[in-house]
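Trainee: For the record, the sequence lines run as chains A and B.
163 is the number that my numbering gives to position 106 of the first sequence; each next residue is one higher, with no gaps.
1210 is the number that my numbering gives to position 168 of the second sequence; each next residue is one higher, with no gaps.
Just so you know, these hints were derived from the structure itself, not from any lab.
The reader is advised that the hints may include incorrect statements.
As the list claims (entries may be wrong) - Once the Cα atoms are required to be at most 27 angstroms apart in a straight line, the calculated DSS-like pairs of lysine-lysine come out as:
id : chain 1 : residue 1 : chain 2 : residue 2
1  : B       : Lys1410   : B       : Lys1395
2  : A       : Lys59     : A       : Lys303
3  : A       : Lys257    : B       : Lys1059
4  : A       : Lys258    : B       : Lys1251
5  : B       : Lys1395   : A       : Lys256
6  : A       : Lys59     : A       : Lys299
Unchecked claim - Taking beta-carbon pairs under 8 angstroms as the criterion, some of the chain B residues facing chain A (in silico):
id : residue
7  : Ala1049
8  : Gly1094
9  : Trp1095
10 : Ser1107
11 : His1147
Note that the Cβ used here is the ideal one computed from N, Cα and C, for glycine as well.
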Amino acid sequence: MKILVAIKQVPDTATQVKISGDPKAIETSGITWIISPYDEFAVEEALRIKEKRGQGDVVAVSLGPDRVKEALRSALAMGADRAVHVNDPALAGADTLLTARALAAVVKQESPALVICGRQAIDDDMGAVGAQLAELLGWPCASWIMEETVDADAKTVRVGRQVEGGLEVFDLPLPAVLSAQKGLNEPRYPTLKGIMGAKKKEIKDVKAADLALGDAAPQLTVTTLEALPPRPPGRIIQGEVKDAVKELVRALREDAKVI
Amino acid sequence: MAAMDFALTEQQQWIRKEVAALARSFPPEYWLERDRTATYPWEFVRAFGQAGWLGMIVPEAYGGSGLGVTEAALMLHEICAAGAGTTGCSPVHFYCFPPMPVIKHGAEALKQKYLPRVASGEIVMSFGVTEPNAGTDTSRIQTFARRDGDRFVVNGRKVWNTNARQATHILLLARTEPRDAHPGKPFRGMTLFFTEFDRARITVQEIEKLGRAAVDSNEIFIDGLEVPAENVVGEVGQGFYHLLDSLNPERVFTGIEAVGIGRAALARAVDYARERVVFDRPIGKNQAIAHPLAAAWARLEAAEMMCLKAAWLFDQGQPCGAESNAAKFLAAEAGFEACDAALQTHGGYGYAKEFHVERLWREVRLYKIAPVSQQMVLNHLSEHVLGLPRSY
């Protein structure tokens, strides 16, 4: 069974994001890049499906500049068999739909039985690519899954989604697209042998032309990025406790309007 | 020709990154708890074993990864820089230098029997060289292995035997001939053994100490320990010389561990100096706070570079005694100064356990004493590098 995992390289969660001189982008110098954590769940789940079945092929795919190879190599070090890197300056400003179109073209070339991605990337939090990819392929899609079981014949997959107050369980015919929610699994750390073996695995470079994308213009363009307004300073209420409590209650009720 | 290349290879950078990620998944509170309850960090050691890190220097043919002292040094640095201190790195570094004489000088059968189990982490090592009556004067050790047919029978005692409470195996140095058997050659006549830690024949007595309560140091009493002759590492009578292949890496590793601990403390101090506001401004604005931290950073950088140079020389098969000793000396000073500056930066809170710096400060102090004291390093450099007459 072939499984394709779509991953995105994002700034590390500890990054202090700054807007760059160009107000449409963030300052990328000094950023540590990681695989988006939800996508790591996707890689882990694909590896577990392969291990459980005793055979299979896990292909990691990502879109982006040269630095993205590092994320793909991390997926290879975790255990993915090979990787596809869609690396083309023409796709530098890709929106979610264009990204999904590029991924759909890769999926058509690879013909996997299952595609897994994270529920959203933790940088722009759009959460659209998985569903758009399924739509473009005409495949069923289950998002934010907490558990999955592929049947023995690899014809269907049963998934569980967390919903208010419980778990929603349903079956999808394969091929399908799934997106991973936190709690699906605990991603493994790459082993030393995995790291050493990763450099021997193939990362295939793909250009927009190889994917026959035609018009590669994004439909969604970033106009501007604005920093959050600085948090207003806190207020310390002085005076006797008896009076201060009264003032606090008044301020919470009338100024902040929270009680 | 491309000389003077300070860049790490891509693989080395990656090793650093992944070790850091795994080590940092164990928060400071984990280490505080190990220290407080004096409990061995099994979870940590097993996590490193499962991910294959313990087999780093074991050749691939014996189930390891066949990497060098440089890579192992980078790993130990990241473990320490993650805040694990010597509590975290000691159990791991026992997979990095005690197996070295077996790898370099061991007979094929010995290597096949033990190295795969070292690489997997199944074997827990202890290192038995130092003795109460010999100290650094290794040729005067008294533990004696008497040949008896196809085996040796060992009697004696060792001190500062780390890990002995957990150990399954021990790398043991013993005399097989008296010290005066080869006039003028006191280091001959010692033999190295890699053998099972037979608790029926070895009694372990733990030593309470300043830091690293979780990882035991002990005095051990060996009474009639039987060691099969095939467990001799290398040649009978040449054990001390085989051991040298452990001792230089050990200096590099302990040196870079001290650097890592210094970096962990420095990072905490910098955060604290930035956030702690006294007299309406962060204390980091005061140069009396900032300069010791900046100086600590510079010293750590220099010490790390010396450690990596010594590691590189070892991996190139070149002599590295002077460099390994100098690296350990500089790193022990730099690590301690960084922890001390970090503790001072924290003021009263530096003395409090929950700020984690006091633990690092206690632990890093070890490196001025072990594996060899700063003074003995200077003796070595005076005599062997500067050519000055020996004073003792």
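Trainee: Under the constraints set out in the numbered hints, which ones does this structure not fulfil?
Mentor: Numbers 2, 4, 5, 6, 7 and 11, in rising order.
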